[in-house]
Amino acid sequence: GENVEQHPSTLSVQEGDSAVIKCTYSDSASNYFPWYKQELGKGPQLIIDIRSNVGEKKDQRIAVTLNKTAKHFSLHITETQPEDSAVYFCAALKYNFNKFYFGSGTKLNVKP
Amino acid sequence: EAGVTQFPSHSVIEKGQTVTLRCDPISGHDNLYWYRRVMGKEIKFLLHFVKESKQDESGMPNNRFLAERTGGTYSTLKVQPAELEDSGVYFCASSQDLGETQYFGPGTRLLVL
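Chains R and P supply the protein sequences, listed in that same order. All residue numbers for the first sequence refer to this note's numbering, where the first residue is 1 and numbers rise by one. All residue numbers for the second sequence refer to this note's numbering, where the first residue is 113 and numbers rise by one.
Hints may be right or wrong, so weigh each one.
Claimed, not checked - Here are the simulated lysine to aspartate or glutamate pairs, DMTMM-like style, with alpha carbons at most 25 Å apart: (1) R/K58 to P/E195; (2) R/K71 to P/D136; (3) P/K166 to R/E2; (4) R/K42 to P/E197; (5) P/K153 to R/D49; (6) R/K42 to R/D27; (7) R/K37 to P/D136; (8) P/K156 to R/E5; (9) P/K153 to R/E79; (10) P/K166 to R/D84; (11) R/K94 to P/E197; (12) R/K57 to P/E197; (13) R/K58 to P/D136.
Because the hints were derived from the structure by calculation, they are not lab data.
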C-alpha cells in the first residue's frame, strides 16, 4: 500500500514569513494530492489539491508543487498570518481508488 | 449547501460500553468514508460505502466495529465493546465520485476510560 511521510511535525514562523511543508509518497500510481487544514475543534478542510499531470498550482498565498519523479509534493504558504495557524495534512490517492493515505500532520504556528 | 455533519461531537465512555457515531454526508454524495486519527498520528482509513453497500472495509480494526448505511443516506459506526485503544477522533467524509475530493465532517472525539 501507499506510505505518506510528512515533515516537519511542527513549524513555527513569524507573521509575514513563508512556511513550507513537505510530503513524500511511495506508490508511483498515486495521482491526486490534496492538502487539508484542520483548525482546533473542526474537521479537515480542503485548501488546495494537485493532480499528477500538473507540476504546480497556486491559489493566492497558497501553492503546491509536485515532483513525480522524486515522489514528493510540498505546500507553500507565503505572507503567513496568525489565522494560518492550524494542523495541515497532506494526502495521496490513486485514481479510481477510495482511500486517502494521509501524512501525520504538521502543526503550524504563526506568531504575530 | 450543508457540509458533512457528525454526531456527537464528543463522547466519553467507559471501557466495555457501546458507542454509536453518526455521519450525515453531503446531500447527493453516494460515497461515504470513515477515518480515524489516534493519538496525534496520521488519519487512517476505516471503510468506504457506495450508497448502502460496503465497498472496502480493509481499515476496520476488528469485529468490535460495525458500520452501517441503511438506505444509502446517513451512516452509523458502532463500537461494541469499546476498548481504551479506540480513543481518538473519528472523521466521516463524503465525495460525489470515486477518486475525487473528499469533504470531511468535524469529527467525533471519542475517549474511552
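Hint check:
| no. | hint | verdict |
| --- | --- | --- |
| 1 | R/K58 to P/E195 | 44 Å, violated |
| 2 | R/K71 to P/D136 | 35 Å, violated |
| 3 | P/K166 to R/E2 | 21 Å, holds |
| 4 | R/K42 to P/E197 | 22 Å, holds |
| 5 | P/K153 to R/D49 | 22 Å, holds |
| 6 | R/K42 to R/D27 | 30 Å, violated |
| 7 | R/K37 to P/D136 | 21 Å, holds |
| 8 | P/K156 to R/E5 | 13 Å, holds |
| 9 | P/K153 to R/E79 | 28 Å, violated |
| 10 | P/K166 to R/D84 | 37 Å, violated |
| 11 | R/K94 to P/E197 | 29 Å, violated |
| 12 | R/K57 to P/E197 | 39 Å, violated |
| 13 | R/K58 to P/D136 | 32 Å, violated |
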